[in-house]
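Number of protein chains: 2
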Amino acid sequence: MKLDKTRAENLPLVREALGFGQVGSAARHPVWFMRQAGRYLPEYMAIRSRMEFVDLCRSPKDAAEVTLQPLRRFDLDAAIIFSDILVPCMALGQTLTFGKGHGPQLAPAMRSREDFRALKRPDVAAELGYVGDAISLTKSQLAPGKALIGFAGAPFTVATYMIEGGSSKEFTATKAMIFRDPALFADFMKLLRDVTVDYLLMQVRAGADALMLFDTWAGNLTPDDYARHVWPVTADLMATVRESTGVPVTYFSGQGSDRILELGRGAKSDPATRKAFDVLSVDWRVRIPHAARLVKEAALDVALQGNLDPQVLIGPEQLVRERVRSIMEEVHAARSAGLIHGHIFNVGHGLLPHTPPEALSWAIDEVRKQSAQGASNP
Amino acid sequence: MKLDKTRAENLPLVREALGFGQVGSAARHPVWFMRQAGRYLPEYMAIRSRMEFVDLCRSPKDAAEVTLQPLRRFDLDAAIIFSDILVPCMALGQTLTFGKGHGPQLAPAMRSREDFRALKRPDVAAELGYVGDAISLTKSQLAPGKALIGFAGAPFTVATYMIEGGSSKEFTATKAMIFRDPALFADFMKLLRDVTVDYLLMQVRAGADALMLFDTWAGNLTPDDYARHVWPVTADLMATVRESTGVPVTYFSGQGSDRILELGRGAKSDPATRKAFDVLSVDWRVRIPHAARLVKEAALDVALQGNLDPQVLIGPEQLVRERVRSIMEEVHAARSAGLIHGHIFNVGHGLLPHTPPEALSWAIDEVRKQSAQGASNP
Numbered sequence: 018m019k020l021d022k023t024r025a026e027n028l029p030l031v032r033e034a035l036g037f038g039q040v041g042s043a044a045r046h047p048v049w050f051m052r053q054a055g056r057y058l059p060e061y062m063a064i065r066s067r068m069e070f071v072d073l074c075r076s077p078k079d080a081a082e083v084t085l086q087p088l089r090r091f092d093l094d095a096a097i098i099f100s101d102i103l104v105p106c107m108a109l110g111q112t113l114t115f116g117k118g119h120g121p122q123l124a125p126a127m128r129s130r131e132d133f134r135a136l137k138r139p140d141v142a143a144e145l146g147y148v149g150d151a152i153s154l155t156k157s158q159l160a161p162g163k164a165l166i167g168f169a170g171a172p173f174t175v176a177t178y179m180i181e182g183g184s185s186k187e188f189t190a191t192k193a194m195i196f197r198d199p200a201l202f203a204d205f206m207k208l209l210r211d212v213t214v215d216y217l218l219m220q221v222r223a224g225a226d227a228l229m230l231f232d233t234w235a236g237n238l239t240p241d242d243y244a245r246h247v248w249p250v251t252a253d254l255m256a257t258v259r260e261s262t263g264v265p266v267t268y269f270s271g272q273g274s275d276r277i278l279e280l281g282r283g284a285k286s287d288p289a290t291r292k293a294f295d296v297l298s299v300d301w302r303v304r305i306p307h308a309a310r311l312v313k314e315a316a317l318d319v320a321l322q323g324n325l326d327p328q329v330l331i332g333p334e335q336l337v338r339e340r341v342r343s344i345m346e347e348v349h350a351a352r353s354a355g356l357i358h359g360h361i362f363n364v365g366h367g368l369l370p371h372t373p374p375e376a377l378s379w380a381i382d383e384v385r386k387q388s389a390q391g392a393s394n395p
Numbered sequence: 018m019k020l021d022k023t024r025a026e027n028l029p030l031v032r033e034a035l036g037f038g039q040v041g042s043a044a045r046h047p048v049w050f051m052r053q054a055g056r057y058l059p060e061y062m063a064i065r066s067r068m069e070f071v072d073l074c075r076s077p078k079d080a081a082e083v084t085l086q087p088l089r090r091f092d093l094d095a096a097i098i099f100s101d102i103l104v105p106c107m108a109l110g111q112t113l114t115f116g117k118g119h120g121p122q123l124a125p126a127m128r129s130r131e132d133f134r135a136l137k138r139p140d141v142a143a144e145l146g147y148v149g150d151a152i153s154l155t156k157s158q159l160a161p162g163k164a165l166i167g168f169a170g171a172p173f174t175v176a177t178y179m180i181e182g183g184s185s186k187e188f189t190a191t192k193a194m195i196f197r198d199p200a201l202f203a204d205f206m207k208l209l210r211d212v213t214v215d216y217l218l219m220q221v222r223a224g225a226d227a228l229m230l231f232d233t234w235a236g237n238l239t240p241d242d243y244a245r246h247v248w249p250v251t252a253d254l255m256a257t258v259r260e261s262t263g264v265p266v267t268y269f270s271g272q273g274s275d276r277i278l279e280l281g282r283g284a285k286s287d288p289a290t291r292k293a294f295d296v297l298s299v300d301w302r303v304r305i306p307h308a309a310r311l312v313k314e315a316a317l318d319v320a321l322q323g324n325l326d327p328q329v330l331i332g333p334e335q336l337v338r339e340r341v342r343s344i345m346e347e348v349h350a351a352r353s354a355g356l357i358h359g360h361i362f363n364v365g366h367g368l369l370p371h372t373p374p375e376a377l378s379w380a381i382d383e384v385r386k387q388s389a390q391g392a393s394n395p
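If you read the protein sequences in the order shown, they are chains B and H.
Note that the first sequence covers residues 18 to 395 in this note's numbering.
Note that the second sequence covers residues 18 to 395 in this note's numbering.
It should be emphasised that the hints constitute simulated quantities derived from the structure, not laboratory data.
Hints should not be assumed to be uniformly reliable.
When chains are identical, the list treats them as one kind, so a pair holds in a single copy or across two.
[Unchecked claim] Only pairs whose alpha carbons sit at most 35 Å apart, straight line, appear in this in silico DSBU-like list of lysine-lysine:
id: 1; residue 1: Lys186; residue 2: Lys386
id: 2; residue 1: Lys207; residue 2: Lys186
id: 3; residue 1: Lys186; residue 2: Lys137
id: 4; residue 1: Lys137; residue 2: Lys207
id: 5; residue 1: Lys313; residue 2: Lys186
id: 6; residue 1: Lys78; residue 2: Lys156
id: 7; residue 1: Lys313; residue 2: Lys19
id: 8; residue 1: Lys207; residue 2: Lys163
id: 9; residue 1: Lys137; residue 2: Lys292
id: 10; residue 1: Lys207; residue 2: Lys313
id: 11; residue 1: Lys117; residue 2: Lys186
id: 12; residue 1: Lys19; residue 2: Lys156
id: 13; residue 1: Lys78; residue 2: Lys19
id: 14; residue 1: Lys313; residue 2: Lys292
id: 15; residue 1: Lys22; residue 2: Lys78
So that you can see chain B by itself, here it is in the shape it has in the complex:
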């Protein structure tokens, strides 16, 4: 897939705006927040009061509106398209519902070879075209200099929902498949990889400037199971999209984002790992200095993203500013020591519905202040 000339020429600007390996040249330290469009914003709730969540994902006009809401309120450097990592499961033939008081539910659960055969092999552009339309619409309304991020769930994380039939604590059905029928699990991961490649390419075609892959539950596996059953297909997915589009890719593995770096350290010569991503998004359980050290040891040419505990935003202004300052100082030190190239300020996991919107203003203001004072982009 080739980007048209204008977009190809704009790529370095996007990389710079998002702080990917452009130390010193970026005008400012990029900042955005995972789930920055969502339930903590009254203007989002106003739209949700008249439509269901899934319908909102499917309505390009409303999804674009919701995507842009936080950029009207806050001084953010990027928008991330409003959608859900489980949207592709519908194209694969499952029904997606969000019940009150419990999380997403997918039916029928994908548990057997028979279930696997029954899944649709979707024409992504046709079935998920509404996501592309939402991206195009958002892009046309987005101020110049702001990046638009497309995203997908990573195959493992999406697989857990499809196999369990929803959220899970113990991932019993998923692990039962990995341990009892690894060939079926591998085939399923391969299908999800293929669908996700198509899905992300479509998003870039529609106008996404950068991509992010969410592997929220990857941290629940043993490092060996992750290395064997998850990482190779995930790395291949990202490398394929990166090589095909030139668009920067961010990988987020929740609940211990240093695992992937431990893996990287053990696999310095693994070309797939080296080509897989531009940015590693780290959760708050990992210290930035620790992640930066591992990035260096693995000789990975990546930037870091993160990693404010989103719950810090329920604290008083002084605490919010202290915690932001502390992350900015850690980033500054890691950059000065040559451990990492770039950094994108973000939370270590999605914003929560009870987040007070003003807390984001304090955090962003503190990022700008620290950035101006040279705590970043030294």
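Starting from the structure of chain B, add chain H where the hints point.
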């Protein structure tokens, strides 16, 4: 607190039987399983069919019976007293119930200074005497050479349940307290520390040969919050009990057990950390070689416990044996390299209700086989 002469003389035997730093002299590689007494055993379900969970915890005769059940079925080296980490919350004045389909519920939730003042300051020996009685009764029926382990929830993990009023995913109320009223949180942790010290001393007095502290949710905090608000009081608790009784103490911090080791590495000279525990129980997210390396770097004189993913036990026999063998080989290598002294084979988290009992037999058999072949205790 002084142990009587016989028990004091027996301590080295317990240490040896449990593999705490007695490389080469232990007759065999110790093995037990977290939650080895519980719902996966039909004989446990038979007792539960006639009484509620909380009543079972409160009945010394039944608790002792349930504690001993897995030792009749399996070749285990230790029993762990059947109880629940939330039992002390009742002595503190909360009502504990286990509803169908959801986890434990504690009422009223402990959210304010007023709630804190309203908590009882319990006479632990009087209010939780039934746990001591269950330990004495179990001890009198336990075969010689088998260790009896007492336990408690760590202050942070117990605090989360008491503050949230039950289980939690995001720990919003807990973090709100830490971030908005750290003085109240510190006072609460101090109260839980004091109650837990009394509770564990009582368990040793009643006959517990070793102790374990479960900090299941500690991994949800940022490393800095853990280091500031949780570890000092937790380390002090364990050091106090250890020094007072001489009984070995195991610390389990779930969801990334290497965090405590990262901390240890940064605090080599911290005397509280050095005196806090004898064994670190690691979950399955951490590789044994990684944990062993961190133990060495922190110059901690501890053994490791763990770390089979309990879900592996739903796999076929060959897989169970492979995974056990792999852990035993890692332990062997770490011991040969002088990184760790001892090791206790265990799961990385409690056994799950759907575990097939025969899988434990395979795992134990493989531990014995590997141990005999010199994969351990070289």
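I'd like to know which numbered hints this structure contradicts. Please list them from smallest to largest.
Those not satisfied: there are none.
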